[in-house]
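Going by this note's numbering, the sequence shown opens with residue 21, and the numbers climb by one from there.
The hints are simulated quantities; they were obtained by calculation from the structure and are not laboratory data.
Treat the hints loosely; a few may be bogus.
[Stated by the list, open to error] Label-pair restraints from in silico Cβ distances:
hint, residue 1, residue 2, range
1, Val424, Ala488, 16 to 26 Å
2, Phe210, Leu255, 46 to 56 Å
3, Leu154, Val424, 23 to 33 Å
4, Val452, Arg56, 28 to 38 Å
5, Asp134, Leu308, 26 to 36 Å
6, Glu438, Arg463, 30 to 40 Å
7, Phe210, Arg133, 43 to 53 Å
8, Leu154, Ala465, 33 to 43 Å
9, Arg136, Thr399, 44 to 54 Å
10, Met464, Arg56, 24 to 34 Å
11, Ala465, Asp53, 48 to 58 Å
[What the hints assert, rightly or not] In silico SDA-like pairs for lysine to any residue, Cα to Cα no more than 25 Å straight-line:
hint, residue 1, residue 2
12, Lys244, Val187
13, Lys329, Ala465
14, Lys329, Lys471
15, Lys427, Val449
16, Lys329, Leu154
17, Lys471, Gln455
18, Lys244, Met280
19, Lys427, Val187
20, Lys471, Glu441
21, Lys244, Lys329
22, Lys471, Val449
23, Lys471, Arg446
Each residue gets a CB set at the ideal place from its N, CA and C atoms; glycine is no exception.
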Amino acid sequence: MPAPTPNPRPNPAPPRRTFLGRLSLPERNYLTDALRTETVGGVLLLVAAIVALLWANTPLSGGYASVRDFHLGPAALGLDLSVQHWAADGLLAVFFFVAGIELKRELVAGELRDPRAAALPVIAALSGMAVPALVYVLVNTVGGGSLDGWAVPVATDIAFALAVLAVLGTSLPSALRAFLLTLAVVDDLFAILIIAVFFTGDLNFPALGGAAAGLVVFWLLLRKGVRGWYVYVPLALVVWGLMYNSGIHATIAGVAMGLMLRCTRNEGEERSPGERVEHLVRPLSAGLAVPLFALFSAGVSVSGGALGKVFTQPETLGVVLGLVVGKTIGIFGGTWLAARFTRAELNEDLAWPDVFAVAALAGIGFTVSLLIGELAFATDQGLADEVKAAVLTGSVIAAVFSGVLLKLRVRTYRALYEEEERDEDRDGVPDVYEQDDPEYHLRMAELYEAKAAEHRRLAAEHAGATRADGGGPA
(Lines of atoms letter the chains of each structure in order from A and count residues from 1; the text may use other names and numbers.)
(Lines give C-alpha, C1' and ligand atoms only; values in the text may rest on other atoms or scores of the structure.)
Protein backbone atom coordinates (compact mmCIF):
# COMPACT_ATOMS: atom_id res chain seq x y z
CA MET A 1 0.00 0.00 0.00
CA PRO A 2 1.30 3.47 -0.76
CA ALA A 3 2.45 5.49 2.19
CA PRO A 4 -0.16 7.94 3.44
CA THR A 5 0.30 11.48 2.23
CA PRO A 6 1.34 13.69 5.13
CA ASN A 7 -1.02 16.47 6.05
CA PRO A 8 0.20 19.77 4.59
CA ARG A 9 1.38 22.31 7.10
CA PRO A 10 -1.29 24.91 7.75
CA ASN A 11 -0.63 28.36 6.37
CA PRO A 12 0.62 30.69 9.08
CA ALA A 13 -1.81 33.35 10.22
CA PRO A 14 -1.10 36.77 8.73
CA PRO A 15 0.81 39.04 11.09
CA ARG A 16 -1.26 41.44 13.11
CA ARG A 17 -0.71 45.14 12.47
CA THR A 18 -0.48 47.75 15.18
CA PHE A 19 -3.16 50.43 15.27
CA LEU A 20 -2.07 53.84 16.58
CA GLY A 21 1.57 52.77 16.57
CA ARG A 22 4.52 55.15 16.44
CA LEU A 23 4.68 57.35 13.34
CA SER A 24 7.71 57.45 11.07
CA LEU A 25 10.06 60.37 11.75
CA PRO A 26 9.18 62.34 8.55
CA GLU A 27 5.47 61.88 9.24
CA ARG A 28 5.93 62.93 12.85
CA ASN A 29 7.83 66.09 11.80
CA TYR A 30 5.16 66.99 9.23
CA LEU A 31 2.40 66.41 11.76
CA THR A 32 4.12 68.57 14.39
CA ASP A 33 4.54 71.46 11.95
CA ALA A 34 0.98 71.25 10.61
CA LEU A 35 -0.73 70.93 13.97
CA ARG A 36 1.27 73.76 15.51
CA THR A 37 -0.21 76.15 12.94
CA GLU A 38 -3.69 74.65 13.27
CA THR A 39 -3.58 75.00 17.05
CA VAL A 40 -2.79 78.71 16.85
CA GLY A 41 -5.48 79.08 14.19
CA GLY A 42 -7.92 77.19 16.39
CA VAL A 43 -7.39 79.60 19.27
CA LEU A 44 -8.03 82.52 16.86
CA LEU A 45 -11.13 80.67 15.66
CA LEU A 46 -12.42 80.41 19.22
CA VAL A 47 -11.76 84.12 19.79
CA ALA A 48 -13.53 85.03 16.53
CA ALA A 49 -16.56 82.91 17.43
CA ILE A 50 -16.77 84.50 20.90
CA VAL A 51 -16.47 88.01 19.41
CA ALA A 52 -19.22 87.20 16.89
CA LEU A 53 -21.56 85.94 19.62
CA LEU A 54 -20.92 88.96 21.83
CA TRP A 55 -21.27 91.37 18.91
CA ALA A 56 -24.57 89.80 17.79
CA ASN A 57 -26.09 89.61 21.29
CA THR A 58 -25.43 93.13 22.59
CA PRO A 59 -26.87 96.55 21.75
CA LEU A 60 -24.25 96.62 18.96
CA SER A 61 -26.02 93.81 17.11
CA GLY A 62 -27.35 96.26 14.52
CA GLY A 63 -23.81 97.15 13.56
CA TYR A 64 -22.93 93.46 13.25
CA ALA A 65 -25.81 92.86 10.85
CA SER A 66 -24.90 95.96 8.83
CA VAL A 67 -21.28 94.86 8.38
CA ARG A 68 -22.20 91.22 7.69
CA ASP A 69 -24.79 92.15 5.06
CA PHE A 70 -22.80 94.95 3.40
CA HIS A 71 -22.34 94.24 -0.32
CA LEU A 72 -19.22 94.87 -2.34
CA GLY A 73 -17.59 93.55 -5.49
CA PRO A 74 -17.99 93.97 -9.27
CA ALA A 75 -21.65 93.38 -10.11
CA ALA A 76 -20.80 93.11 -13.83
CA LEU A 77 -18.86 89.92 -13.03
CA GLY A 78 -21.64 88.52 -10.86
CA LEU A 79 -19.59 89.13 -7.73
CA ASP A 80 -21.58 91.79 -5.87
CA LEU A 81 -21.60 89.77 -2.65
CA SER A 82 -22.21 90.44 1.03
CA VAL A 83 -19.30 90.35 3.46
CA GLN A 84 -20.68 87.10 4.88
CA HIS A 85 -20.90 85.66 1.37
CA TRP A 86 -17.32 86.68 0.57
CA ALA A 87 -16.18 84.96 3.77
CA ALA A 88 -18.07 81.74 3.00
CA ASP A 89 -17.30 81.48 -0.71
CA GLY A 90 -14.03 83.40 -0.96
CA LEU A 91 -12.02 82.95 2.22
CA LEU A 92 -13.09 79.35 2.68
CA ALA A 93 -11.71 78.61 -0.79
CA VAL A 94 -8.29 79.17 0.83
CA PHE A 95 -9.21 76.72 3.59
CA PHE A 96 -10.29 74.10 1.05
CA PHE A 97 -7.16 74.73 -1.04
CA VAL A 98 -5.08 73.71 1.98
CA ALA A 99 -7.44 70.77 2.54
CA GLY A 100 -6.84 69.67 -1.06
CA ILE A 101 -3.06 69.76 -0.62
CA GLU A 102 -3.37 67.93 2.69
CA LEU A 103 -5.52 65.23 1.11
CA LYS A 104 -3.12 64.83 -1.84
CA ARG A 105 -0.17 64.50 0.50
CA GLU A 106 -1.95 61.94 2.68
CA LEU A 107 -2.80 59.89 -0.41
CA VAL A 108 0.69 59.85 -1.94
CA ALA A 109 3.07 60.23 1.01
CA GLY A 110 1.12 60.06 4.26
CA GLU A 111 -1.09 57.76 6.27
CA LEU A 112 -3.45 57.00 3.36
CA ARG A 113 -0.86 55.88 0.81
CA ASP A 114 -0.95 52.23 1.96
CA PRO A 115 -4.47 50.85 1.35
CA ARG A 116 -4.15 48.33 4.21
CA ALA A 117 -3.02 50.95 6.69
CA ALA A 118 -5.54 53.49 5.39
CA ALA A 119 -8.49 51.12 5.66
CA LEU A 120 -8.97 51.58 9.40
CA PRO A 121 -8.98 55.40 9.63
CA VAL A 122 -11.02 55.70 6.42
CA ILE A 123 -13.66 53.27 7.73
CA ALA A 124 -13.68 55.14 11.05
CA ALA A 125 -14.13 58.48 9.28
CA LEU A 126 -16.89 57.20 6.99
CA SER A 127 -18.69 55.68 9.97
CA GLY A 128 -18.21 58.99 11.75
CA MET A 129 -20.01 60.74 8.90
CA ALA A 130 -22.73 58.18 8.19
CA VAL A 131 -23.96 57.72 11.77
CA PRO A 132 -24.43 61.47 12.50
CA ALA A 133 -26.37 61.80 9.23
CA LEU A 134 -28.53 58.82 10.22
CA VAL A 135 -29.11 60.29 13.69
CA TYR A 136 -30.24 63.57 12.10
CA VAL A 137 -32.54 61.78 9.65
CA LEU A 138 -34.04 59.61 12.41
CA VAL A 139 -34.72 62.57 14.72
CA ASN A 140 -36.33 64.60 11.92
CA THR A 141 -38.32 61.67 10.56
CA VAL A 142 -39.80 61.04 14.00
CA GLY A 143 -40.22 64.74 14.78
CA GLY A 144 -41.55 65.79 11.38
CA GLY A 145 -38.65 68.16 10.65
CA SER A 146 -36.80 69.00 7.46
CA LEU A 147 -34.30 66.45 6.15
CA ASP A 148 -32.37 69.17 4.27
CA GLY A 149 -29.82 69.47 7.07
CA TRP A 150 -28.70 65.84 7.12
CA ALA A 151 -25.15 66.83 6.14
CA VAL A 152 -24.67 69.50 8.81
CA PRO A 153 -23.27 67.23 11.58
CA VAL A 154 -20.96 65.12 9.39
CA ALA A 155 -17.74 67.17 9.47
CA THR A 156 -14.99 67.50 12.11
CA ASP A 157 -13.24 70.83 12.69
CA ILE A 158 -9.57 69.99 13.33
CA ALA A 159 -8.63 73.57 14.26
CA PHE A 160 -11.40 73.87 16.86
CA ALA A 161 -10.53 70.44 18.28
CA LEU A 162 -6.85 71.35 18.60
CA ALA A 163 -7.78 74.64 20.24
CA VAL A 164 -9.72 72.68 22.85
CA LEU A 165 -6.64 70.54 23.46
CA ALA A 166 -4.53 73.69 23.81
CA VAL A 167 -6.94 75.18 26.33
CA LEU A 168 -7.06 71.93 28.30
CA GLY A 169 -3.27 71.64 28.22
CA THR A 170 -3.54 68.07 26.97
CA SER A 171 -0.60 66.81 24.89
CA LEU A 172 -1.92 63.85 22.93
CA PRO A 173 0.62 61.27 21.73
CA SER A 174 1.47 61.76 18.05
CA ALA A 175 -0.42 58.62 16.99
CA LEU A 176 -3.69 59.95 18.42
CA ARG A 177 -3.08 63.37 16.90
CA ALA A 178 -2.38 61.76 13.52
CA PHE A 179 -5.57 59.71 13.81
CA LEU A 180 -7.57 62.86 14.54
CA LEU A 181 -5.96 64.69 11.59
CA THR A 182 -6.64 61.76 9.23
CA LEU A 183 -10.28 61.68 10.32
CA ALA A 184 -10.55 65.41 9.60
CA VAL A 185 -8.88 65.04 6.18
CA VAL A 186 -11.28 62.27 5.11
CA ASP A 187 -14.18 64.31 6.55
CA ASP A 188 -13.12 67.28 4.45
CA LEU A 189 -12.93 65.15 1.31
CA PHE A 190 -16.46 63.84 1.65
CA ALA A 191 -17.79 67.20 2.83
CA ILE A 192 -16.40 68.64 -0.41
CA LEU A 193 -18.18 65.93 -2.40
CA ILE A 194 -21.41 66.59 -0.50
CA ILE A 195 -21.19 70.32 -1.25
CA ALA A 196 -20.42 69.67 -4.93
CA VAL A 197 -23.19 67.08 -5.44
CA PHE A 198 -26.03 68.24 -3.19
CA PHE A 199 -25.59 72.03 -3.10
CA THR A 200 -25.01 72.83 -6.75
CA GLY A 201 -27.58 75.16 -8.30
CA ASP A 202 -28.46 75.63 -11.94
CA LEU A 203 -25.31 75.14 -13.96
CA ASN A 204 -23.91 77.90 -16.15
CA PHE A 205 -22.02 75.80 -18.69
CA PRO A 206 -19.96 78.62 -20.31
CA ALA A 207 -18.66 79.65 -16.86
CA LEU A 208 -18.09 76.02 -15.91
CA GLY A 209 -16.15 75.47 -19.15
CA GLY A 210 -14.05 78.54 -18.43
CA ALA A 211 -13.28 77.30 -14.92
CA ALA A 212 -12.29 73.90 -16.31
CA ALA A 213 -10.03 75.56 -18.90
CA GLY A 214 -8.42 77.64 -16.16
CA LEU A 215 -7.75 74.51 -14.11
CA VAL A 216 -6.13 72.87 -17.14
CA VAL A 217 -3.85 75.91 -17.56
CA PHE A 218 -3.06 75.75 -13.83
CA TRP A 219 -2.13 72.07 -14.17
CA LEU A 220 0.02 72.65 -17.28
CA LEU A 221 1.96 75.46 -15.57
CA LEU A 222 2.65 73.18 -12.62
CA ARG A 223 3.84 70.38 -14.92
CA LYS A 224 6.16 72.80 -16.75
CA GLY A 225 7.68 73.87 -13.45
CA VAL A 226 6.61 77.51 -13.77
CA ARG A 227 7.09 79.31 -10.47
CA GLY A 228 5.91 82.65 -9.11
CA TRP A 229 2.90 83.71 -7.06
CA TYR A 230 2.23 86.52 -9.56
CA VAL A 231 1.32 83.82 -12.11
CA TYR A 232 -0.77 81.51 -9.95
CA VAL A 233 -2.66 83.96 -7.73
CA PRO A 234 -4.33 85.90 -10.60
CA LEU A 235 -5.10 82.63 -12.38
CA ALA A 236 -6.58 81.19 -9.16
CA LEU A 237 -8.81 84.26 -8.76
CA VAL A 238 -10.09 83.89 -12.33
CA VAL A 239 -10.80 80.19 -11.81
CA TRP A 240 -12.55 80.95 -8.51
CA GLY A 241 -14.75 83.65 -10.10
CA LEU A 242 -15.75 81.40 -12.99
CA MET A 243 -16.47 78.51 -10.64
CA TYR A 244 -18.66 80.75 -8.50
CA ASN A 245 -20.66 81.86 -11.54
CA SER A 246 -20.95 78.28 -12.82
CA GLY A 247 -23.40 77.31 -10.04
CA ILE A 248 -20.93 74.95 -8.35
CA HIS A 249 -19.82 76.10 -4.92
CA ALA A 250 -16.71 78.22 -5.40
CA THR A 251 -14.70 76.41 -2.71
CA ILE A 252 -14.48 73.43 -5.11
CA ALA A 253 -12.01 75.51 -7.15
CA GLY A 254 -9.68 75.66 -4.15
CA VAL A 255 -9.84 71.90 -3.62
CA ALA A 256 -9.17 71.18 -7.30
CA MET A 257 -6.08 73.39 -7.39
CA GLY A 258 -4.78 71.91 -4.14
CA LEU A 259 -5.08 68.38 -5.50
CA MET A 260 -3.03 69.31 -8.56
CA LEU A 261 0.13 70.18 -6.63
CA ARG A 262 2.90 67.58 -6.51
CA CYS A 263 3.29 66.25 -2.97
CA THR A 264 6.10 63.72 -3.53
CA ARG A 265 9.74 64.74 -3.16
CA ASN A 266 12.21 64.49 -6.00
CA GLU A 267 15.84 63.72 -5.34
CA GLY A 268 17.54 66.58 -3.55
CA GLU A 269 14.29 68.22 -2.41
CA GLU A 270 13.77 68.87 1.29
CA ARG A 271 10.09 69.57 0.61
CA SER A 272 7.78 68.86 -2.28
CA PRO A 273 6.08 71.82 -4.03
CA GLY A 274 2.81 70.93 -2.29
CA GLU A 275 4.47 70.92 1.13
CA ARG A 276 6.16 74.26 0.43
CA VAL A 277 2.92 75.90 -0.69
CA GLU A 278 1.00 74.39 2.20
CA HIS A 279 3.61 75.70 4.64
CA LEU A 280 3.12 79.21 3.19
CA VAL A 281 -0.67 79.20 2.85
CA ARG A 282 -1.72 77.26 5.96
CA PRO A 283 -1.07 80.23 8.32
CA LEU A 284 -3.23 82.41 6.02
CA SER A 285 -5.99 79.80 6.12
CA ALA A 286 -5.84 79.01 9.84
CA GLY A 287 -4.99 82.51 11.05
CA LEU A 288 -7.14 84.70 8.79
CA ALA A 289 -9.56 82.95 6.44
CA VAL A 290 -11.26 80.59 8.90
CA PRO A 291 -11.46 83.06 11.83
CA LEU A 292 -13.02 85.72 9.56
CA PHE A 293 -15.52 83.17 8.29
CA ALA A 294 -16.38 82.36 11.91
CA LEU A 295 -16.69 86.05 12.74
CA PHE A 296 -19.39 86.59 10.12
CA SER A 297 -21.12 83.21 10.43
CA ALA A 298 -21.22 82.48 14.17
CA GLY A 299 -23.07 85.65 15.18
CA VAL A 300 -26.45 84.14 16.08
CA SER A 301 -28.87 84.82 18.90
CA VAL A 302 -28.14 82.83 22.05
CA SER A 303 -30.99 84.10 24.21
CA GLY A 304 -32.74 81.69 26.53
CA GLY A 305 -35.56 81.22 24.05
CA ALA A 306 -33.19 80.55 21.17
CA LEU A 307 -31.21 78.01 23.16
CA GLY A 308 -34.43 76.35 24.25
CA LYS A 309 -35.40 75.86 20.60
CA VAL A 310 -32.12 74.03 20.01
CA PHE A 311 -33.42 71.12 22.10
CA THR A 312 -37.06 71.27 21.03
CA GLN A 313 -36.95 71.62 17.23
CA PRO A 314 -36.17 68.42 15.29
CA GLU A 315 -33.71 70.12 12.91
CA THR A 316 -31.59 71.64 15.67
CA LEU A 317 -31.88 68.64 18.00
CA GLY A 318 -30.81 66.40 15.13
CA VAL A 319 -27.67 68.50 14.64
CA VAL A 320 -26.76 68.45 18.35
CA LEU A 321 -27.32 64.71 18.71
CA GLY A 322 -25.57 64.05 15.42
CA LEU A 323 -22.43 65.85 16.59
CA VAL A 324 -22.35 64.61 20.18
CA VAL A 325 -23.79 61.10 19.92
CA GLY A 326 -23.51 60.23 16.23
CA LYS A 327 -19.87 61.22 15.83
CA THR A 328 -18.75 59.43 18.98
CA ILE A 329 -20.60 56.20 18.27
CA GLY A 330 -19.79 56.27 14.58
CA ILE A 331 -16.04 56.78 14.87
CA PHE A 332 -15.55 54.52 17.87
CA GLY A 333 -17.78 51.78 16.51
CA GLY A 334 -16.24 51.94 13.05
CA THR A 335 -12.74 51.86 14.50
CA TRP A 336 -13.44 48.90 16.77
CA LEU A 337 -15.09 46.86 14.02
CA ALA A 338 -12.37 47.69 11.49
CA ALA A 339 -9.63 46.73 13.97
CA ARG A 340 -11.42 43.48 14.76
CA PHE A 341 -11.83 42.42 11.13
CA THR A 342 -8.42 43.62 9.91
CA ARG A 343 -6.58 41.92 12.80
CA ALA A 344 -5.09 45.22 13.93
CA GLU A 345 -3.86 45.34 17.53
CA LEU A 346 -4.16 48.54 19.48
CA ASN A 347 -0.88 50.12 20.57
CA GLU A 348 -0.07 48.58 23.97
CA ASP A 349 0.57 52.05 25.44
CA LEU A 350 -3.01 53.12 24.69
CA ALA A 351 -6.47 51.76 25.47
CA TRP A 352 -9.86 51.78 23.77
CA PRO A 353 -11.13 54.57 26.08
CA ASP A 354 -8.48 56.77 24.39
CA VAL A 355 -10.08 56.08 21.01
CA PHE A 356 -13.50 56.83 22.51
CA ALA A 357 -12.22 60.20 23.81
CA VAL A 358 -10.81 61.15 20.40
CA ALA A 359 -14.10 60.08 18.79
CA ALA A 360 -15.94 62.42 21.15
CA LEU A 361 -13.45 65.20 20.34
CA ALA A 362 -14.22 64.73 16.63
CA GLY A 363 -17.79 65.75 17.43
CA ILE A 364 -16.60 69.36 17.31
CA GLY A 365 -17.96 70.36 13.91
CA PHE A 366 -17.66 74.08 13.38
CA THR A 367 -16.37 75.58 10.12
CA VAL A 368 -17.73 73.13 7.54
CA SER A 369 -20.88 72.46 9.59
CA LEU A 370 -21.68 76.19 9.65
CA LEU A 371 -21.07 76.38 5.90
CA ILE A 372 -23.31 73.40 5.12
CA GLY A 373 -25.97 74.80 7.47
CA GLU A 374 -26.00 78.03 5.45
CA LEU A 375 -26.28 76.11 2.19
CA ALA A 376 -28.92 73.64 3.41
CA PHE A 377 -31.30 76.32 4.70
CA ALA A 378 -30.43 79.18 2.36
CA THR A 379 -34.12 79.93 1.75
CA ASP A 380 -34.99 80.12 5.47
CA GLN A 381 -32.62 82.50 7.25
CA GLY A 382 -34.36 82.06 10.60
CA LEU A 383 -33.94 78.28 10.56
CA ALA A 384 -30.38 78.68 9.24
CA ASP A 385 -29.50 80.79 12.28
CA GLU A 386 -31.11 78.25 14.61
CA VAL A 387 -29.10 75.45 13.00
CA LYS A 388 -25.94 77.53 13.48
CA ALA A 389 -26.83 77.86 17.17
CA ALA A 390 -27.23 74.07 17.25
CA VAL A 391 -23.79 73.62 15.68
CA LEU A 392 -22.28 75.88 18.35
CA THR A 393 -24.17 74.09 21.13
CA GLY A 394 -23.25 70.61 19.90
CA SER A 395 -19.61 71.59 19.45
CA VAL A 396 -19.40 73.01 22.97
CA ILE A 397 -21.02 69.88 24.46
CA ALA A 398 -18.63 67.65 22.50
CA ALA A 399 -15.68 69.77 23.63
CA VAL A 400 -16.66 69.56 27.31
CA PHE A 401 -17.46 65.83 27.13
CA SER A 402 -14.21 64.93 25.35
CA GLY A 403 -12.27 67.25 27.63
CA VAL A 404 -13.46 65.36 30.69
CA LEU A 405 -12.54 62.03 29.09
CA LEU A 406 -9.09 63.26 28.06
CA LYS A 407 -8.37 64.72 31.50
CA LEU A 408 -8.91 61.28 33.03
CA ARG A 409 -5.88 60.04 31.08
CA VAL A 410 -3.80 63.19 31.05
CA ARG A 411 -0.93 61.67 33.06
CA THR A 412 -0.62 58.79 30.61
CA TYR A 413 -0.69 61.17 27.63
CA ARG A 414 1.88 63.46 29.19
CA ALA A 415 4.26 60.56 29.91
CA LEU A 416 3.91 59.21 26.35
CA TYR A 417 4.34 62.69 24.86
CA GLU A 418 7.45 63.40 26.91
CA GLU A 419 8.91 60.02 25.89
CA GLU A 420 8.30 60.86 22.23
CA GLU A 421 9.91 64.29 22.58
CA ARG A 422 12.95 63.30 24.67
CA ASP A 423 16.24 64.19 22.94
CA GLU A 424 19.02 63.58 25.47
CA ASP A 425 21.83 63.66 22.91
CA ARG A 426 20.49 66.97 21.55
CA ASP A 427 20.86 66.12 17.88
CA GLY A 428 17.36 67.29 16.94
CA VAL A 429 15.98 63.74 16.57
CA PRO A 430 13.87 62.22 19.37
CA ASP A 431 15.68 59.34 21.06
CA VAL A 432 12.88 56.83 20.35
CA TYR A 433 13.78 57.02 16.64
CA GLU A 434 17.49 56.28 17.22
CA GLN A 435 17.43 53.06 19.21
CA ASP A 436 18.85 51.08 16.27
CA ASP A 437 21.59 53.61 15.50
CA PRO A 438 25.03 52.66 16.95
CA GLU A 439 26.19 56.27 16.72
CA TYR A 440 23.35 57.32 19.03
CA HIS A 441 24.45 54.86 21.71
CA LEU A 442 28.07 56.01 21.39
CA ARG A 443 26.94 59.62 21.86
CA MET A 444 24.91 58.62 24.90
CA ALA A 445 27.90 56.71 26.33
CA GLU A 446 30.09 59.82 25.98
CA LEU A 447 27.36 61.92 27.56
CA TYR A 448 27.02 59.66 30.59
CA GLU A 449 30.80 59.30 30.93
CA ALA A 450 31.11 63.08 31.00
CA LYS A 451 28.37 63.28 33.63
CA ALA A 452 30.05 60.55 35.69
CA ALA A 453 33.39 62.38 35.52
CA GLU A 454 31.74 65.61 36.64
CA HIS A 455 30.09 63.87 39.59
CA ARG A 456 33.41 62.27 40.62
CA ARG A 457 35.04 65.71 40.49
CA LEU A 458 32.30 67.24 42.62
CA ALA A 459 32.52 64.36 45.09
CA ALA A 460 36.27 64.88 45.43
CA GLU A 461 35.82 68.65 45.94
CA HIS A 462 33.21 68.19 48.65
CA ALA A 463 35.25 65.48 50.36
CA GLY A 464 38.31 67.83 50.44
CA ALA A 465 36.19 70.70 51.79
CA THR A 466 34.84 68.45 54.55
CA ARG A 467 38.34 67.39 55.65
CA ALA A 468 39.53 71.02 55.59
CA ASP A 469 36.70 71.97 57.95
CA GLY A 470 37.74 69.22 60.35
CA GLY A 471 34.65 67.20 59.69
CA GLY A 472 36.45 64.36 57.86
CA PRO A 473 37.99 61.19 59.22
CA ALA A 474 41.13 61.50 61.41
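Is it true that the CA of Lys471 sits at most 25 Å from the CA of Glu441? holds, 22 Å
Satisfaction of hint between Val187 and Lys427, Cα-Cα up to 25 Å: holds, 12 Å
Sort out whether Met280 lies within 25 Å of Lys244, counting only the CA atoms. Holds, at about 13 Å.
Beta-carbon spacing of Met464 to Arg56 - inside the hinted bounds 24 to 34 Å or not: With a Cβ separation near 28 Å, Met464 and Arg56 satisfy 24 to 34 Å, so the hint holds.
Lying within 33 to 43 Å: is that true of the beta-carbon distance Leu154 to Ala465? violated, 59 Å
The hint says 46 to 56 Å between Phe210 and Leu255; measuring C-beta to C-beta, is that right? The hinted range 46 to 56 Å is violated for Phe210 and Leu255, with Cβ atoms some 28 Å apart.
CA of Lys471 to CA of Arg446, is that 25 Å or under? Since the Cα atoms of Lys471 and Arg446 sit roughly 15 Å apart, the hinted pair holds (cutoff 25 Å).
Assess, step by step, whether the Cα of Lys329 is no farther than 25 Å from the Cα of Ala465, and give holds or violated. violated, 66 Å
Look at the Cβ atoms of Phe210 and Arg133 and judge whether their distance stays inside 43 to 53 Å. violated, 19 Å
If you draw a straight line from the CA of Lys244 to the CA of Val187, is it 25 Å or shorter? Roughly 45 Å between the alpha carbons, so the hint for Lys244 and Val187 is violated.
Hinted pair Lys471 and Gln455, Cα distance within 25 Å: holds, 21 Å
Has the given pair, Lys329 with Lys471, been kept, meaning a C-alpha gap of at most 25 Å? Violated: Lys329 and Lys471 sit about 66 Å apart, past 25 Å.
Of the numbered hints listed earlier, those contradicted by the structure are 1, 2, 4, 6, 7, 8, 11, 12, 13, 14, 15 and 21.
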